[in-house]
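Listed in order, the protein sequences are those of chains A and B.
Just so we're aligned, residue 1 is where the first sequence starts under our numbering, counting upward by one.
Just so we're aligned, residue 1001 is where the second sequence starts under our numbering, counting upward by one.
Please keep in mind that the hints were generated in silico from the structure rather than gathered at the bench.
Worth double-checking, as some hints may not be accurate.
Unchecked claim - Below, simulated DMTMM-like cross-link-like pairs (lysine to aspartate or glutamate); rule was C-alpha separation at most 25 angstroms, straight line:
| id | chain 1 | residue 1 | chain 2 | residue 2 |
| --- | --- | --- | --- | --- |
| 1 | B | K1036 | A | E20 |
| 2 | B | K1067 | A | E20 |
| 3 | A | K301 | A | E245 |
| 4 | B | K1067 | A | E17 |
| 5 | B | K1069 | A | E59 |
| 6 | B | K1069 | A | E17 |
| 7 | B | K1067 | A | E727 |
| 8 | B | K1036 | A | E42 |
| 9 | A | K683 | A | D544 |
| 10 | B | K1036 | A | E32 |
| 11 | A | K639 | A | E669 |
| 12 | B | K1069 | A | D23 |
| 13 | B | K1036 | A | D15 |
| 14 | B | K1036 | A | E669 |
| 15 | A | K730 | A | E176 |
| 16 | A | K168 | A | E245 |
| 17 | B | K1036 | A | E50 |
| 18 | A | K639 | A | E690 |
| 19 | B | K1067 | A | E59 |
| 20 | B | K1067 | A | D23 |
| 21 | B | K1036 | A | E59 |
Please read all numbers here as calculations on a predicted model, not as lab measurements.
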Amino acid sequence: MWRRFRAMLRRARLDREFAEEVDFHLAMLEAEFRQRGMSAREARAAARREFGGVARIQEIHRERRGIAWLESCARDVRYALRGLRRSPGFTAAAVLPLALGIGANTAIFSLFHALLMRLLPVARPEELVNLYQTGGWIRGHSSYPLYQDIAARTDLFNGAVARTGVEKVRFRERPEARENFAMREFVSGNYFQVLGVRPALGRLFTADEDQVLGGHPLAVLSYDCWRNRYGGDPAELGATIVVDEKPLTVIGVAAPGFHGIQVERSTDVWEPVTMAEMPFQSPTTWWLQIVARARPEIPRKQLQAAVNVLMEQHLASNLPASFKAAFRKRVMEQRLEVRDAGIGVSMLREAFAKPLRVLMAAVGLVLLMACANVANLLLARGAARRKEIAMRFSLGASRARLVRQALTESFLLAAAGAALGTALGFWGTQAIVRFLPAQAGDPLSAGPDPAVLTFTLAISALSALLFGLVPALRSTAVDPAAGLRSESGGTAGISVLRRALVSAQVAFSVVLVAMAGLFAHSLFELRSVDLGFHDQNVVAFGLDFPRAWRGRDFRPAYKTLAERLRNVPGISSVSYGFPGPFLMGRASATLRVAGSERTAAGPANVATAEVAPGYFATIGTPLVMGREFDQHDTTGAPKVAVVNEAFVRAFLPGDRHPERHALSFKDGEPAWIVGVVRDVRQKGIQEAPEPAVYIPMGQQDLVRGGATMLLRTQLPVASLLPTLYREAAKVGTGWIRNLGTLRDHIDDSIFEQRLLAAIGGFFGVLALVLAAVGLYGVVAYSTAARTGEIGIRIALGAQRGGVVWLILRDALALVAAGLAIGLGGAIAAARAVGTLLFGINPLDPAAFITTALVLAAVGIGAALVPARRAAGLDPMRALRQE
Amino acid sequence: MSTEDSKPGILQGTLDLMVLRTLATMGPQHGFGLAKRIQQISDGALALNQGTLYPALLRLDQRRWVKSKWGASEAGRRARFYEITAAGRRAMERESEDWARTVALMDRFVRLAPEE
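Build the full structure now, drawing on both the sequences and the hints.
The following block contains the structure:
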């Protein structure tokens, strides 16, 4: 765009100048004719005649300017293409790493851009702020009363909206249609108005359409939802749809391209917030995200200060008096952080921003390495082409012309790299998105963005300059006479520049390999943690029940389903529990333990879980002592409990007979401890297990759903699906959620670390290959240049080993220089990524020593081939060649 | 007009050489001065639309055989002055030799013809 604009300006200027030149010429001619005595009119006519057709000359002039430029460009491109075709090895060696580098940057950048840079398609997105709750234990969400307090502050905000997360819910396109799923978001009535989103069809919610609880059965569809599910039918206005069993009237369709404000989720249907069945009056139910349009005239610092005061007042006047002092103190620690929301809100951003930044830096290094690689190749070829270049100089080519020609070749290489890299980048993006847990959403759901393509083109062009300019200048700095005279077409030895480039490559690869080592080691540590259950061959899933069942006891449904599944061939054991064993929610209760010093003064808090018979056998948690629950542990039987080892350590330290103790929850009758199990890391791999008490589900009064079904089976999940759906339908629920093996759940919980290790490993290996190729190139070249010298040495009786060492020493010096620089960089990088590592020191000696050894090995490996060739040299032939 | 038809036209490339030669002997010149000088030397024997000089000058400029800059003419008007470059001089020598060879060759043929 800019270039074309500049070219246009330039063309206009050249036209103007030429017109001036012609005017001057005509004026001079005219003056001459006047002197000869012609009249003014005659003189003007004569001048024009003498000059020839003015317009035609101008036309020719203009054309010629364009053609010459085009012609020389086309010539350069043809020449470069011919050269590249002639040496396919060179072309591949230059383009492939470049394509990988560009592709990697494209892939990471498209995520980086979507998650951290892309502005929402709303009016003046830069004014939007997210009031994000921190401190205390709530992350991000607010209560409805807090929202009302914020929305009232029109002195600070030009409107504030509240929204829930985007949730996958049951959906019918028509009341009689088959049920499927859609993404639903509850929003305050002023949502579209404040964001400045227009309707594509019909109208959007108004500010007073969130006043009555359950009183606004209205829906706004996203443009994509309307197009994909209703074929863009305008008759859809006023029709009834069914969302989560609620009939709603469609009043409008939002503008195309608007999918809500959460980056990783695309909303299909919006409902007024008062349609959510939530405790609106409760100041302690934190379930809404608040996004406000900050008044542009208020500086951010001042806004934050005002919000701090607002929050303190809100907490002070809304806290229930029943809160105990300690709890009250924690609640009062909560803060509202004013964050930029122009790029949308995101749950994924919290966890993923840092790994993404690390990856962006890493792929940047990869591209730099690829550039160094190409520069090195170009320098080598430039040296080989000295004669040709000297020849062309003496034929009258200017240096600028030759530089341009060399740069054309660089741009062609970069263009090939960009084309291939874009394809690789697309594929890479897909691969990365597959690493994200299903429930994390997809940050690229908004579709491809032109900004990413612009970025790819920009880094490609920049790379071309980076790797092309110096070799171009270098290879054309030839004294024609000297160049032509030199017989071999090259100079002895190898330029300092090439050595520096190879050392730089080694240094880059040290950083990348060390990072890969750290991430791999960290992942290994994560994987080695004893989770307290078997992750393989255990399938977990949750169930959704019809709305009509609310308040009912779900236990019969779970029990019947478990019995039915037990009879399915291939399933060896079935159980269920609430919450499930790994990141499936958390429950807690306060209790006293008879005979424990810890609860002598007052009750203590522990994690709890209600589990069905066979729970521990199903997930493979070993019993340390006693028994687990069976079908006899029902309401009529004596109350029992199972505890974990952490519980014993905390409450009954040193007691060899925990089964002789009873524990009692608030006002409950005592339950006897009948078993002790291994600690289960219910809160995630990186969280230490806490004291936990398991209670039999059969002794609960009411089970309200939310339990996780667990199956022990060798069958793959996909082949289980039809059976599960069939059996679930028989107990009255057709909806299965979060289906996957426990291994899947674990993988999802550490996807950042897995991603870092996978990408780090891939590029670590690539970096090693590039460094090896670079080293090999330089060593082989300098060995070839020293053929004569080596021949003489051998002729004078040098040992083969000595010759090999001579060459190896050279390579090792390059590696050592690279290592010295690279290790410094790697240590700095390791410090920066320290928080992403688990269980290891950022300066993990294992990773660093391995890196150094691997690079030394690569250096020796790369140098060994030319070294042995040199040692096998026949001195007579070598000397004759000289 | 009819009298001008008998004047020799311009062979492709010869105008370039004329321009280079003229610039080499006279130093920097604007287009008008060049045209005048070329016509003077050809002594009216050349049918030259003076405007055709400019595409030739552009061609030479693109080959970096001449360079140009803006200056003031004798009459004090702004005019573009052309000057021969080192590459231009080299090209001129080469083309002059070529030309001399061509002329000598043609000369021989032309002389040969009536004797046959």
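We went through each hint and held it up to the structure:
no., hint, verdict
1, B:K1036 - A:E20, "holds, 19 angstroms"
2, B:K1067 - A:E20, "holds, 18 angstroms"
3, A:K301 - A:E245, "violated, 46 angstroms"
4, B:K1067 - A:E17, "holds, 15 angstroms"
5, B:K1069 - A:E59, "holds, 22 angstroms"
6, B:K1069 - A:E17, "holds, 11 angstroms"
7, B:K1067 - A:E727, "violated, 89 angstroms"
8, B:K1036 - A:E42, "holds, 20 angstroms"
9, A:K683 - A:D544, "holds, 23 angstroms"
10, B:K1036 - A:E32, "holds, 11 angstroms"
11, A:K639 - A:E669, "holds, 8 angstroms"
12, B:K1069 - A:D23, "holds, 17 angstroms"
13, B:K1036 - A:D15, "holds, 24 angstroms"
14, B:K1036 - A:E669, "violated, 122 angstroms"
15, A:K730 - A:E176, "holds, 21 angstroms"
16, A:K168 - A:E245, "holds, 13 angstroms"
17, B:K1036 - A:E50, "holds, 11 angstroms"
18, A:K639 - A:E690, "holds, 23 angstroms"
19, B:K1067 - A:E59, "holds, 21 angstroms"
20, B:K1067 - A:D23, "holds, 20 angstroms"
21, B:K1036 - A:E59, "holds, 23 angstroms"
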